[in-house]
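So the sequences go chain by chain: A and B.
Counting along the first sequence from 1, when you hit position 410 you're at 410 in this note's numbering, and nothing is skipped either side.
Counting along the second sequence from 1, when you hit position 224 you're at 224 in this note's numbering, and nothing is skipped either side.
Keep in mind the hints are simulated off the structure, nothing from the lab.
Mixed in with the good hints there might be a few duds.
As the list claims (entries may be wrong) - In silico BS3-like cross-links for lysine-lysine, where the CA-CA straight-line distance does not exceed 25 Å:
hint	chain 1	residue 1	chain 2	residue 2
1	B	164	B	201
2	A	248	A	20
3	B	101	B	56
4	A	248	A	259
5	A	259	B	101
6	A	320	B	21
7	A	320	A	444
8	A	283	B	18
9	B	18	B	101
10	B	89	B	101
11	B	21	A	283
12	B	89	B	21
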Amino acid sequence: MPKSGARPARLRLLRTTAFKLAAVYLAVFAVFAAFLIFYIAKNTTQLITAQVAEAVDEEVKDLARHFDVGGIGRLARVIDRRSRQPGASLYVVVTPAGDILVGNVAAVPPEVLESQSSALRPIPYSRLDEEGEAGEHVALARVFAMPGGFRLLVGRDIGERQHFVAVIRQALFLTVGLMVVLGLASWIFVSRRVLKRIDSISATSRQIMSGDLSGRLEVTGTADEFDRLAVSLNAMLARIEALMAGLKQVSDNIAHDLKTPLTRMRSRVEQALARAEDVEQCKDTLAATLEDADQLIRTFDALLMIARTEAGSSGLAFAKTDAAAIVADMVELYEPVAEEAGVTLAAEPQEGPVAFIGNRELVSQAIANLVDNAIKHASEVEEPRVTISLCRVEGALEVAVSDNGPGIPEADRARVVERFVRLDESRSRPGFGLGLSLVAAVAKLHEGHLRLEDAAPGLRAVLVLPEQEEPENEPDAAQGKTDAAAALA
Amino acid sequence: MRILVIEDDQETAAYLVKALKEAGHIADLARDGEAGFAMASSESYDVLVVDRMLPKRDGLSVISELRGNGDRTPVLILSALGQVDDRVKGLRSGGDDYLAKPYAFSELLARIEVLARRNTPAEADTRYRVGDLELDRLSRHVSRDGETIFLQPREFRLLEYLMKNAGTVVTRTMLLENVWDYHFDPQTNVIDVHISRLRGKIDKNFDRQLLHTVRGAGYVIRDDA
């Protein structure tokens, strides 16, 4: 792994989004910096040129005045005086013959002085400095023709401007260079950091994939996008873990609750094989075995039904249904069972239908399960009774089934809704411990819930069904009662 | 009875055919939708048992086309485990009954036998008679040996359904479906208690029992004499 990982690691750094982003930003900023610097340089040069031109013009005007007043002699004196001042302009006066009459310039290319144009232009010249040495310089100068064939050159050294341009150019190179260095550094920093976080996420996911569902992504507390991602993923993992735990518990329960009747069946058949002597005995054993098998099938059916309901299968039709009719039907269906158990079963009378939107089959099965439970538990006490009532509370239909049996201790109320949970540890009473799970699943499918309360004495189970939008033109729903009923197999 | 089973799952099909034969029926098997359609259209069967998911051709389309061709043979649809149970779709395409897997064979057999009676003239009878027990569907009058028996409306419907299928076993789920119009599995013996009440009214004071319990299957009303 380390050997094969070394080379791709370097390549990987180049393949990162951070690298691409850094490269793009670097290019953009380099272009921007270059533009900015060129812009500044160009403008500054122009400004300097304008200033030089203005100064030269002023000087020429002044010198022209001196010439007008005192002729070439005065001009020469003035120039001679000005030339000695520090930071002086460049002055050259040439005679009509072409000789330099006066000036502070060692040499000027002759073609410059012969030019007829009086425009400002850069000219190379040699300056007379203190040591009398001539140095090559560049100046912006203008040449004027004066009366009497004299020619006057006035200029200003632009070494400063040149210097300025050089400084700017240097600044440009420095800036771009620094930008590249900083860009590379930040890219390495960012990609290292990002890669590290992503690598940690990948590592954790691999760990989770390999079966350790308890693993969680690291949250650094910086509240950046990686933290937010990690928090979301952790929440997802927690949900998955909870679901898996639920699944495991259910499968453990299934294993237990299904194994018991299977074992019983097996030993019964085994005994019959070994001992049964006549046909009658064999038939009895077979009949009992058949009943056990039916019971198992029913347990499976109930489990499948809960699973299907919890999954909210799209095949389940919702339609306008009359809750009062369902309650009446359930009372009618369970009345003989209740009577046999000595339980008084009654529904609080309703005035007319109580309409709600839902699945008739599932809701009636849920109510049937509640009634069934209530009858079983109420039958343990004196004068047992079970009452079903319907009422609307805050936009929800509440179906309450109350009994005056022993009730459920508050601590156990949440637990009894789970699959296969039976408070009767000895499991002496019939049932699979799936009834309330199905009721809860049906409630959830209708976006409602199952509430277990103390009926003092006894248990009050309330199926809360929030009011729903009526399904629009659904052919199945429009068919009404029978089809809604038929939607569930 | 001649029964055509259209089912692709080898094990289920073999088991079904064997069990149907043991129950005294003639059972033919088709392994896919095409073959099933060909057999159903060329031969005459009393009942078709059709799986919804079939290779080559979907079970529902087989039924629709048979119905389109004027074939009125009763059809029992089997739906696979885990499939979205769309009973409505199945019944709308022309199926007569619908059974979801896993099912008990006794349930399947009872439903097949009840389906086979659909096309018999007895279906249209307004009076049913089993031994000395008589039921008039129009006047809603029940009597045994000339003596009037008073039944609650639901008891009447229960007896009516049993007598309509006299001699045929009906299961608890079939009773709940046809008498109460609910399609769920009541976890306790609610139907049994209703039956024993009914029995108390029609059989109690008579020597000959007409309403029998068939262990592991359901109930049947029949005059054994």
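Hints, one by one, checked against the model:
Between residue 164(B) and residue 201(B), the direct Cα distance comes to roughly 18 Å. Compliance with the 25 Å bound is thereby established for this hinted pair. Restraint check for residue 248(A) and residue 20(A): not satisfied, since their Cα atoms lie roughly 46 Å apart, outside the 25 Å limit. For the proposed pair residue 101(B) and residue 56(B), the alpha carbon gap of about 21 Å is at most 25 Å, so the pair holds. Annotation: proposed proximity of residue 248(A) to residue 259(A) holds, straight-line Cα distance about 16 Å (limit 25 Å).
Distance check on the hinted pair: residue 259(A) and residue 101(B) sit about 21 Å apart at the alpha-carbon level, within 25 Å; holds. Among the hinted pairs, residue 320(A) with residue 21(B) is inconsistent with the structure: their alpha-carbon atoms are about 45 Å apart, more than 25 Å. At roughly 18 Å between alpha-carbon atoms, residue 320(A) and residue 444(A) fall within 25 Å of each other, so this suggested pair holds. The hinted pair formed by residue 283(A) and residue 18(B) meets the criterion: a straight-line CA distance of about 21 Å does not exceed 25 Å.
For the hint linking residue 18(B) to residue 101(B), the alpha-carbon distance of about 18 Å falls within 25 Å, and the restraint holds. The straight-line distance between the Cα atoms of residue 89(B) and residue 101(B) is roughly 17 Å, inside the 25 Å bound, and the hint therefore holds. For the suggested pair residue 21(B) and residue 283(A), the alpha carbons sit about 21 Å apart, so the restraint of at most 25 Å is met. Straight-line distance between C-alpha atoms of residue 89(B) and residue 21(B) comes to about 30 Å, which puts the hinted pair past the 25 Å bound.
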